[in-house]
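Put together the whole structure using the sequences plus the hints.
Protein chains in written order, with this note's numbering: chain C, 24 to 217; chain R, 24 to 217.
In case anyone wonders, no lab produced these hints; they're calculated from the structure.
Each hint should be verified, as a subset may be incorrect.
[What the hints assert, rightly or not] DSS-like cross-link-like pairs, simulated, lysine-lysine; straight-line CA separation at most 27 Å:
#, chain 1, residue 1, chain 2, residue 2
1, R, K217, C, K48
2, R, K173, C, K180
3, R, K26, R, K111
4, C, K116, C, K217
5, C, K177, R, K177
6, C, K26, C, K217
7, R, K112, R, K177
8, R, K217, C, K217
9, C, K184, R, K169
10, R, K112, R, K184
11, R, K184, C, K184
12, R, K97, R, K177
13, C, K180, R, K177
14, R, K217, R, K112
15, R, K166, C, K184
16, R, K180, C, K180
17, R, K26, R, K184
18, C, K180, R, K169
19, R, K48, R, K111
20, C, K217, C, K111
21, C, K26, C, K112
22, C, K180, R, K184
23, R, K111, R, K97
24, C, K166, R, K184
25, R, K177, C, K184
26, R, K180, C, K177
27, R, K184, C, K173
28, R, K180, C, K173
29, R, K111, R, K217
30, R, K180, C, K184
2 protein chains.
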Amino acid sequence: MKKIITISRQFGACGTTIGRAVAEKLSYEFYNKAVVLNAQKDSNIDISDLVEFDEKVPMDFSFGESIFEFTNKKLSDRLFAAQSDVIKKMGEKGKCVIVGRNSNYILREFDDVLNVFIYANEEFRLAHMNEMHPEYTGENMLKRLKQVDKIREKYCKYYTKQEFTDCRNYDICIDVGSIGIDNAVELLYGLAVK
Amino acid sequence: MKKIITISRQFGACGTTIGRAVAEKLSYEFYNKAVVLNAQKDSNIDISDLVEFDEKVPMDFSFGESIFEFTNKKLSDRLFAAQSDVIKKMGEKGKCVIVGRNSNYILREFDDVLNVFIYANEEFRLAHMNEMHPEYTGENMLKRLKQVDKIREKYCKYYTKQEFTDCRNYDICIDVGSIGIDNAVELLYGLAVK
Numbered sequence: 024m025k026k027i028i029t030i031s032r033q034f035g036a037c038g039t040t041i042g043r044a045v046a047e048k049l050s051y052e053f054y055n056k057a058v059v060l061n062a063q064k065d066s067n068i069d070i071s072d073l074v075e076f077d078e079k080v081p082m083d084f085s086f087g088e089s090i091f092e093f094t095n096k097k098l099s100d101r102l103f104a105a106q107s108d109v110i111k112k113m114g115e116k117g118k119c120v121i122v123g124r125n126s127n128y129i130l131r132e133f134d135d136v137l138n139v140f141i142y143a144n145e146e147f148r149l150a151h152m153n154e155m156h157p158e159y160t161g162e163n164m165l166k167r168l169k170q171v172d173k174i175r176e177k178y179c180k181y182y183t184k185q186e187f188t189d190c191r192n193y194d195i196c197i198d199v200g201s202i203g204i205d206n207a208v209e210l211l212y213g214l215a216v217k
Numbered sequence: 024m025k026k027i028i029t030i031s032r033q034f035g036a037c038g039t040t041i042g043r044a045v046a047e048k049l050s051y052e053f054y055n056k057a058v059v060l061n062a063q064k065d066s067n068i069d070i071s072d073l074v075e076f077d078e079k080v081p082m083d084f085s086f087g088e089s090i091f092e093f094t095n096k097k098l099s100d101r102l103f104a105a106q107s108d109v110i111k112k113m114g115e116k117g118k119c120v121i122v123g124r125n126s127n128y129i130l131r132e133f134d135d136v137l138n139v140f141i142y143a144n145e146e147f148r149l150a151h152m153n154e155m156h157p158e159y160t161g162e163n164m165l166k167r168l169k170q171v172d173k174i175r176e177k178y179c180k181y182y183t184k185q186e187f188t189d190c191r192n193y194d195i196c197i198d199v200g201s202i203g204i205d206n207a208v209e210l211l212y213g214l215a216v217k
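Have a look at this one:
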């Protein structure tokens, strides 16, 4: 029986939908964005900075040399440390599904963890995003998709020294476009209860 | 229902064992090294060259500039082309499990294919290799493991322009050390018959 399931995922690949469904089937806690807010409670990061920063990450997270970027990097490091503490506390409690935030890496010393990666080709992800956000045009959405992909890859590489899409960082990787959401949920539930 | 299952795998990760078991459960044909020999029948490559080359690949496959390497590269290109033809013929027949030889890439235009990647950490793979080849010392085995990993990554990159361990090249990737051989077989069978 797995105590913790971490779900890393590409933008638009339904990782949250899958994670929530698996958590429900297992009667486990489900964590995603809430982690950020919880992190704030235990750290000295100002909530308004944090929310603003979290929004800005996908646009400006380039780790360059300018003072602006330096400030962002410092804030990002503090945020990562604060989130790591919160995720470890969640891990200690157990019985949870955690989506995103490099939780597979943060919990790498924990036992009974199932680390999952959910991905799909651009076509599948665009179709899903268009359904969720009909206000965007297709072109803007594709641009946004590529941007977020880049950011997540960079963020992962920076904090974990690992490639985001390298399967060796996970116990199982599922192309949800090919396998399907329901099959993915069923499959992960089956592995979690073994 | 999937007509073709391709299994790419790290050296020592039991990809062949898993592939054979899945083929048996599905009553599908199972192909691995035999592909090389079949390829020879339809090409003008001399079988003795081929066997010698196939043995040498893991040692000398460096694509450098020397005449020796140039000859190897030429032979390798012919071998890859011949194998691709054979694998496509197998794909056309369908109802088969094909292990290795970048068959996921070669059959990328085919329908009803399930592309699988099987991997595991060095510890698991070494334990498995030691069981199969007790004549090797642990140190030699680890050296060989790292060598073959490098060769497969290089070979994949050269012929497909893809990273061998990037999950986006496959429909599902399984860490067999974590998931287990029997669970992997059951899981793949379940996906194949859907």
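Checked against the structure, which of the hints given earlier come out wrong? none
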